[in-house]
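Asker: Here is what each chain is made of, one letter per residue.
2 protein chains.
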Amino acid sequence: MISVEEAQDAILKRIPRLGRERVHILAALGRVLAEDVVAPRPIPPWANSAMDGYAVRAADVAGASGENPVTLRVIEELQAGFEASRAVGPGEAIRIMTGAPIPEGADAVVMVELTEPGGEGETRILQSVPGGEAVRPAGEDVEAGERVFEAGSRMGPAAIAMLASIGRAQVLVHQRPRVAILSTGEELVDLDQMPGVGQIYNSNSYALAAQVREAGGEPILLGIARDNAEDLELRLREGLSADAVLTSGGVSVGDFDLVKNTLGDLGNEMHFWRVRMKPGKPMAFGTLNGKPVFGLPGNPVSTMVSFELFVRPSLMKMQGHVGLHRPKVEARLIHPLKKSPERRHYVRAVASYEEGEWTVRAIEAQGSNIIHSMLRANALIVFPEYETDLSAESQVQLILLEEDSALGAQPAFAAGPSSPGP
Amino acid sequence: MISVEEAQDAILKRIPRLGRERVHILAALGRVLAEDVVAPRPIPPWANSAMDGYAVRAADVAGASGENPVTLRVIEELQAGFEASRAVGPGEAIRIMTGAPIPEGADAVVMVELTEPGGEGETRILQSVPGGEAVRPAGEDVEAGERVFEAGSRMGPAAIAMLASIGRAQVLVHQRPRVAILSTGEELVDLDQMPGVGQIYNSNSYALAAQVREAGGEPILLGIARDNAEDLELRLREGLSADAVLTSGGVSVGDFDLVKNTLGDLGNEMHFWRVRMKPGKPMAFGTLNGKPVFGLPGNPVSTMVSFELFVRPSLMKMQGHVGLHRPKVEARLIHPLKKSPERRHYVRAVASYEEGEWTVRAIEAQGSNIIHSMLRANALIVFPEYETDLSAESQVQLILLEEDSALGAQPAFAAGPSSPGP
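Residue numbers (this note's numbering), protein chains in the order written: chain A, 1 to 422; chain B, 1 to 422.
Keep in mind that the hints are not guaranteed to be accurate.
If chains are identical, the list can't say which one is meant, so a pair holds when it fits in one copy or spans any two.
[As the list claims (entries may be wrong)] Derived pair list, reagent style EDC-like, types lysine to aspartate or glutamate, alpha-carbon separation capped at 16 Å:
hint: 1; residue 1: Lys328; residue 2: Glu355
hint: 2; residue 1: Lys328; residue 2: Glu402
hint: 3; residue 1: Lys338; residue 2: Glu364
hint: 4; residue 1: Lys339; residue 2: Glu230
hint: 5; residue 1: Lys281; residue 2: Glu5
hint: 6; residue 1: Lys260; residue 2: Glu146
Keep in mind that the hints were calculated from the coordinates and are not lab data. None of these values were measured; they are calculated from a predicted model.
This is chain A alone, in the form it adopts within the complex:
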């Protein structure tokens, strides 16, 4: 058995960044740029007024005050979107609105609150201003030719604003991975069927599809394969056009042989099939025509935790993200925890951040079949392989699954009483 880190390394070194596609900037939201972006012109494109006021020559108003106002002749009114038809000469001013280009000859703007109406066609300036006052110089935000984004940048709303402001309607981003999802097991029925005796609903396909979507991928549901090679191969073939294949179930002991053999017949090379962790020891990884194939365990919690540790970072890498992993923090454990040695445990837990401190308590029921444990959790405690006892008040490492909940901005779980620590 290999460690989680060895497994992650073995996987990630085989995960390619996906190719590029040109999309509208709104479709680029949340995605990763696959090109450098250079501004063709400066922003703002020309010096412009930061205020509503009067564009003046600073020298003209050098001595202005409330007692000794300077009267200037107003030669024009200038709205944003237009250009002055005349230059501002000595003793002259142009009424100017926020965002309008600074007229030739003017070098400062006096805000309207520091002026009063003069005679017909005149304004009285009540305060001196230095040159450059209320003037936004050309290129203040972005210089012409500036590389505003490097490939690899994640496009949030402010990035979309920047792209629009330099006139870009489309950008190259990395493609989103299409992820084929196959559940296996004679005991499974789909949501449109009634489970017979001994049968349960297929939940893993939906859990994985939701996780794929949250990670930015596009799920392709291949349904439920029965325990025979024909059905399995038929369904797996449907998934071969995808960028990654996930199977769940049938990975324990001998059960995975059928999946493994069928994948092998299709050309899959298996790289490992067990990881020193709990939940999720039976976790297989192969490549088929260079595409990653993840054989995830069948228990619902094992499936979801394995996705978090191995599939999500892979999907992040495919999309060109720089940070592949969830945030990790140190937290104070508020009760003792025990386990047997050898395997690392990922303990479903509720983390909270209050008064400058992270604390965490484990969910009581930790069975790998207990969906409630995953539902209530907003974090995973990393319980190291070689440890068997964590005492109350000890510092533990957490993987945050829901930062906003852990930081108190969203309740972790709206339904029912939260589970107490063990």
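Position chain B relative to chain A; hints supplied.
Answerer: Just chain B now, kept in the frame of chain A:
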């Protein structure tokens, strides 16, 4: 002028939760349940085996050990998905796979590793097990009739797994808000046009559309209205079927009069139009046929910050979310900050969490026209109205805009050198 909190209160008390709609559980991802969900049957539906092994009567194997194995007659093999045809009698066992229902008569499972093959049709049990060993009782995860979700719960991947596991294919969720977005200003051109002299690209519509989408809403782009009542009214009417209307630009001093009057002609009641904050003082809020209308300022940073403080919480409330606001933390400011009194400042900043401590530094260029300041920021420092000096090392309140970046899991900004503090 009113405070930010007064403005938020005045807005949120007028924001309705939107109606319900029935969607497939995968479409419910990230959305808020608008019904309680009760489990029609328990999970698991029947006691089942946690392991591959032998279903036995614990009493039969009470004395079993490596030296004194107990030999049992194997009367059947049971896969997951099927039911045993016979009960386990004294001296008998059923070979059982993980997930298969515990046969009648049996009360424990001995994992296969604690057995060895016996004679033809026999197994030798090498260790005694207590009753209930490796048996997952019916209803261990969910009891029949249990209310697994209350209305108001946010549906993450584990919630989708839970819904599937109880056989729910569809659920009632709150509708997503459709948000009409209108930019105003003679200086604006859209991305498919070349800006003339004095003109700039419309970036606010795209920034707001991205923010709406990130907040779970559906943007409707109404384009750019020219500064005349006819064009404005025509475009605003297009937006009246939406759940909220956002305008940006033209809110300063007299400029907003046209927007305000046109909205008034359509039946809008204005509740306030200035907030004691920077950036974003000129920020108007009204209701039109009960629907919220946000008049956002025109400078790009002001627009985005106003969205964060006023529109985003409103969209969260419409969708039924319990937590409406971004997470807030206290952080150590690593340099002094100054401002004039009266207005609260929201200072664009880079926050980071390292070794148990939040630190923050302001972006250097804070002009409300500097998109770079928003692009580089992952947090806003809340600089209180009445303060004028924050010393280095003082504790400040932060609003986290990108928790994963602040927690170190994603770089805040992939392009170029990050801006130093002032």
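Asker: State for each hint whether it applies.
Answerer: Checked hints:
no.	hint	in the structure
1	Lys328 with Glu355	between (18 Å within a copy, 11 Å between copies)
2	Lys328 with Glu402	both (11 Å within a copy, 15 Å between copies)
3	Lys338 with Glu364	within (12 Å within a copy, 49 Å between copies)
4	Lys339 with Glu230	neither (41 Å within a copy, 72 Å between copies)
5	Lys281 with Glu5	within (14 Å within a copy, 51 Å between copies)
6	Lys260 with Glu146	neither (52 Å within a copy, 39 Å between copies)
Of the numbered hints given earlier, the model fails hints 4, 6; all others are met.
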